[in-house]
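A.B. asks: Listed below, chain by chain, are the residues.
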Amino acid sequence: MTRITLDGVAHSYGARPRDERDYALKPLSHVWRHGLAYALLGPSGCGKTTLLNIISGLVVPSQGRLLFDDRDVTRLSTERRNIAQVFQFPVIYDTMTVAENLAFPLKNRGIDKAAIGRRVAEIAEMLDLTRDLARRARGLSADVKQKVSLGRGLVRADVSAVLFDEPLTVIDPGLKWELRSKLKAVHRALDLLMIYVTHDQVEALTFADEVVVMNDGQVLQIGTPAELFERPAHTFVGYFIGSPGMNLLPARVAGREAEIDGHRFPLAASYPTAAPGQRVQIGVRPDHTTLRASGGLPVQVRRVEDLGRRQLARVTLGAHELVATVPPGTTLAAGAAAVHFDPARTHVYVDDRLVEGTP
Amino acid sequence: MSLVLEQLGMTVRGEEVIRDVSLRLERGTMTILLGPTLSGKTSLMRLMAGLDQPGSGRILMDGHDVTGVPVRRRSVAMVYQQFVNYPSHTVYENIASPLRVAGLKKAEIDARVQQAARLLRLESLLTRTPTQLSGGQQQRTALARALVKGADLVLLDEPLANLDYKLREELREELPRLFAQSGAILVYATTEPAEALLLGGFTATLSEGRVTQFGPTAEVFRHPGTLAAARVFSDPPLNELPVEKRGPTVTLANGRTLPAVGALANLPDGAYRIAVRAEDVTIGEGQAGAFVFSGQVAVSEISGSESFVHIGTDLTTFVCVEPGVHEREPGAAIAFSIDPQRLFVFDASGTRAAAPTMAEPA
Amino acid sequence: MPDKPLNNKAWFLVLPVLGFVLFSSLVPMMTVVNYAFQDTMGQNHFFWNGIAWFRHLLDPSTDSGQRFAGALTRTLLFSLAVLAIEIPLGIAVALCMPRHGRAIGPLLVVIALPMLIPWNVVGTMWQIFARQDIGLLGAALNGLGIPFNDTQYPVSAWSTILMMDVWHWTSMVVLLCYAGLRAIPDAFYQAARIDGARRWAVFINIELPKLHRVLVIAVLLRFMESFMIYTEPFVVTGGGPGEATSFLSLDLVKTALGQLDLGNAAAMSLVYLLISLTVCWVFFTAMTQIDRRREG
Chain V
1 MTRITLDGVA
11 HSYGARPRDE
21 RDYALKPLSH
31 VWRHGLAYAL
41 LGPSGCGKTT
51 LLNIISGLVV
61 PSQGRLLFDD
71 RDVTRLSTER
81 RNIAQVFQFP
91 VIYDTMTVAE
101 NLAFPLKNRG
111 IDKAAIGRRV
121 AEIAEMLDLT
131 RDLARRARGL
141 SADVKQKVSL
151 GRGLVRADVS
161 AVLFDEPLTV
171 IDPGLKWELR
181 SKLKAVHRAL
191 DLLMIYVTHD
201 QVEALTFADE
211 VVVMNDGQVL
221 QIGTPAELFE
231 RPAHTFVGYF
241 IGSPGMNLLP
251 ARVAGREAEI
261 DGHRFPLAAS
271 YPTAAPGQRV
281 QIGVRPDHTT
291 LRASGGLPVQ
301 VRRVEDLGRR
311 QLARVTLGAH
321 ELVATVPPGT
331 TLAAGAAAVH
341 FDPARTHVYV
351 DDRLVEGTP
Chain P
1 MSLVLEQLGM
11 TVRGEEVIRD
21 VSLRLERGTM
31 TILLGPTLSG
41 KTSLMRLMAG
51 LDQPGSGRIL
61 MDGHDVTGVP
71 VRRRSVAMVY
81 QQFVNYPSHT
91 VYENIASPLR
101 VAGLKKAEID
111 ARVQQAARLL
121 RLESLLTRTP
131 TQLSGGQQQR
141 TALARALVKG
151 ADLVLLDEPL
161 ANLDYKLREE
171 LREELPRLFA
181 QSGAILVYAT
191 TEPAEALLLG
201 GFTATLSEGR
211 VTQFGPTAEV
221 FRHPGTLAAA
231 RVFSDPPLNE
241 LPVEKRGPTV
251 TLANGRTLPA
261 VGALANLPDG
271 AYRIAVRAED
281 VTIGEGQAGA
291 FVFSGQVAVS
301 EISGSESFVH
311 IGTDLTTFVC
321 VEPGVHEREP
331 GAAIAFSIDP
341 QRLFVFDASG
351 TRAAAPTMAE
361 PA
Chain D
1 MPDKPLNNKA
11 WFLVLPVLGF
21 VLFSSLVPMM
31 TVVNYAFQDT
41 MGQNHFFWNG
51 IAWFRHLLDP
61 STDSGQRFAG
71 ALTRTLLFSL
81 AVLAIEIPLG
91 IAVALCMPRH
101 GRAIGPLLVV
111 IALPMLIPWN
121 VVGTMWQIFA
131 RQDIGLLGAA
141 LNGLGIPFND
151 TQYPVSAWST
161 ILMMDVWHWT
171 SMVVLLCYAG
181 LRAIPDAFYQ
191 AARIDGARRW
201 AVFINIELPK
211 LHRVLVIAVL
221 LRFMESFMIY
231 TEPFVVTGGG
241 PGEATSFLSL
251 DLVKTALGQL
261 DLGNAAAMSL
271 VYLLISLTVC
281 WVFFTAMTQI
291 DRRREG
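Keeping their order, the protein sequence lines are chains V, P and D. Going by the working numbering, the first sequence opens with residue 1, and the numbers climb by one from there. Going by the working numbering, the second sequence opens with residue 1, and the numbers climb by one from there. Going by the working numbering, the third sequence opens with residue 1, and the numbers climb by one from there.
I should point out that these hints are in silico values taken from the structure, not numbers from a laboratory. Mixed in with the good hints, there may be bad ones.
[As the list claims (entries may be wrong)] Sample of chain V residues at the chain P side, in silico, Cβ under 7 Å: (1) Ser-56; (2) Val-60; (3) Arg-118; (4) Asp-172; (5) Ser-181; (6) Asp-200; (7) Asp-209; (8) Gly-223; (9) Pro-225; (10) Phe-229; (11) Arg-231; (12) Ala-233; (13) His-234; (14) Leu-248; (15) Pro-250; (16) Gly-308.
[As the list claims (entries may be wrong)] Keeping only pairs whose Cα atoms sit at most 20 Å apart, straight-line, the calculated EDC-like set for lysine to aspartate or glutamate is: (17) V:Lys-26 / V:Asp-306; (18) V:Lys-113 / V:Glu-125; (19) V:Lys-182 / P:Glu-329; (20) D:Lys-210 / V:Asp-342; (21) V:Lys-182 / V:Asp-94; (22) V:Lys-182 / V:Asp-216; (23) V:Lys-182 / P:Glu-327; (24) D:Lys-210 / V:Asp-94; (25) V:Lys-113 / V:Glu-100; (26) V:Lys-182 / P:Asp-269.
Being a predicted model, the structure only gives us computed values, none of them experimental. All residues carry an ideal CB built from backbone N, CA and C; glycine is no exception.
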């Protein structure tokens, strides 16, 4: 049982950070609960890997404390933290067989042979590696190697958290599905705390119970996949989650109505008028932006993409570009059309932060 | 202007990496080579470029046999998955390098470099060296170099694979437009079906060194001619079931019999493999005449716009895609249905025996 | 898969070099072959001698045979000793070097320094260094009561030459291994720490397997160079005391130029060449075989 607590943890790679921008990771307090799967999601250089390295012990944070349950481990070395880590590229011991690879962490800790054998068999069974146990690890394909490195992490009974650093980077799409559902199954079976770092929102959302969205060393939102998708707390979250990202348009909002370039449309709640100097935007996902032949905000259709499962239209509303869903069976006159925003899914952002309306 | 591959074959260390590949690529079109790792995408590109010589077959450019012509004397540009730039040169010099080799005048070079830089939004970075750039900027530099060269054949080998998801999304949207005006023959290798659909154009599905199907992308997606093509072009993976057809019924592996309707009707008796894409598996009983199955939720995933449910049954684990956000408790009993009209049926050799009578996009 | 473009016409560009190599190596070699099968009574009268030179050389009961066997044994022993010391030492030094930081540049230069010194200079340095009257090493050892004289005691002579070679060439092994170690991604070390592996286990399971290819090259280079060593022992001991450090190369020169025994020397050099080639070939195939088996 482990709970990981970040208590005001921040990190700067330079010796003397002068202002906020010098921090690779800005001060963060959060509790990672046992048995849950978390994802750290953000673009390159957002600080997610720094945060992961602080948890695994490869980086000592320049301020704040890190607790495993109630024990302060801020300065404890990696090997004494009982964590397991799976890296971007499979790390396996070339000269050993799969079974020897899996047994390695246990052997290093002086556990007796029979117990090792039992545990290795158990983990191999869970990861579908039983048939490969006697094979030399070197000749295996990337996905099997990645399973072996995961297995080496899971084989220790005392492991308190498993950390993943973009583990599916080198895996083909078809096998990604398999490996991902394997991960979820393992998570349920072993009841572990898992933390998964990725820049791929699909991986983050499909894997995690809770996703931590980061940008510029800062945590912007922590929430379930559904929350992140349906109620992004920050415009960056709206843009980063979902493919394509949220449509964000500068607007004027008054009461239950919004206005873009003179076109008015209703909102589902009432919002206070923004103070002068504040930037007001409305955000609607392409999924909730419907393209119609007429009846809505007038747009010019630039291009329609057929994605197999759905069709998306790239359109312009005045000077603004947005993406809309083309419902099946829509027939469009060339060029001009209209979009409709689902009022219940239309959000208002003031200075990039989500504002709650009053019903 | 066209590039024609005629029955190309290549063997490397006793292993056939390219088998009997024939393709015809026209100027101004984009062809996507879609297949998993080691399916022969890169090998095929190297043959097209003239970096390798085929063991058998011919390569024709505009009707001229160019099989033995080395890459230096062909008009080819290539962009790789790794960011390949001259590390000691500025972005400007990197983009200008093919033009300098071609011996263009200074003013001409400058005009072309500026234009390419503008298209790829590199104007402000022209004086930097690649080490000072992010991955996306480095790859944009490599793309600009390929663009500026004005080559007849542009080969892009998984150019976005090493980039961040969002960046990939943006570049993916820009790429076809960038090269559309160049009028080159564009070839783009990828492992991802979604990428192929987004880029459009033509698609050749590859598996084990063979082109399993070639045609307009949407056409190949909707009507895969072989099991191999259907597998390569399905993400999430295709749901497959072996069946035995006898008279008016088909028998599944668990002994259950279903009426041989829809795509299954009018087929001779025998063993088949039926397959259905995840998006054609519907949660619930579905409409009248649908095949209804039941199982337990194994894994439930949300990707944002869609939710994926993996359903364990006594046949196989089915994957189903639903639009919108739906959370389902693992272990819960669940019923799902498959419209027999939407089944692909493949015979024992993996060739399509019958296809769904598919309407245009659902 | 060939990674570089093929261009068959490029072969023409190699022709001049090929011609030069033929002229500079094949022609003298044929002269040697010529000598090896003939004998002379002087005054440039040569006559066919068949394989008599070779028969003598390879028969330990003859004079020249005994001498050859002795020299060959000494040379092989020397090569083995060189490998046994320099390879482990080189790996050890490479492991101790820092992977990151500013000290690396100067450190690499210092380590590479011995390799930049010409062979005969190295020989002279060590010859003086080992002298029992004025040499730092020789005088110091004798001062400590250890009898050391490389012109009298074979043990002293051997240790001087071995030390010299270790000093001169271990840096090459170090540099090769260091490059190999630097190529190992950090993730491997991190994973090993997480797996609770001790230093020795990291070495055996990560570093040594990853160094495998580099080591093949290092061993091959060190073997060839030490097997053909000439200049340094010539300068330091001149093959003495007695025959103690008279390696094949030294013996060959003595036979050819000292005694003008050309036929014998020619046969010797051909056998010498064949042995080097065979050892290298056997060694290389063995290593690549192991490599292939591990791949499979």
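A.B. asks: Each hint should be assessed against the structure and marked as holding or not.
C.D. replies: Results of checking the hints against the structure:
| no. | hint | in the structure |
| --- | --- | --- |
| 1 | Ser-56 | violated, 22 Å |
| 2 | Val-60 | violated, 27 Å |
| 3 | Arg-118 | violated, 26 Å |
| 4 | Asp-172 | holds, 5 Å |
| 5 | Ser-181 | holds, 4 Å |
| 6 | Asp-200 | holds, 4 Å |
| 7 | Asp-209 | violated, 10 Å |
| 8 | Gly-223 | violated, 12 Å |
| 9 | Pro-225 | holds, 4 Å |
| 10 | Phe-229 | holds, 5 Å |
| 11 | Arg-231 | violated, 11 Å |
| 12 | Ala-233 | violated, 15 Å |
| 13 | His-234 | violated, 15 Å |
| 14 | Leu-248 | violated, 14 Å |
| 15 | Pro-250 | violated, 20 Å |
| 16 | Gly-308 | holds, 5 Å |
| 17 | V:Lys-26 / V:Asp-306 | violated, 41 Å |
| 18 | V:Lys-113 / V:Glu-125 | holds, 18 Å |
| 19 | V:Lys-182 / P:Glu-329 | holds, 16 Å |
| 20 | D:Lys-210 / V:Asp-342 | violated, 58 Å |
| 21 | V:Lys-182 / V:Asp-94 | violated, 24 Å |
| 22 | V:Lys-182 / V:Asp-216 | violated, 32 Å |
| 23 | V:Lys-182 / P:Glu-327 | holds, 18 Å |
| 24 | D:Lys-210 / V:Asp-94 | holds, 9 Å |
| 25 | V:Lys-113 / V:Glu-100 | holds, 12 Å |
| 26 | V:Lys-182 / P:Asp-269 | violated, 37 Å |
Consistency with the previously given hints fails for numbers 1, 2, 3, 7, 8, 11, 12, 13, 14, 15, 17, 20, 21, 22 and 26, ordered from lowest to highest.
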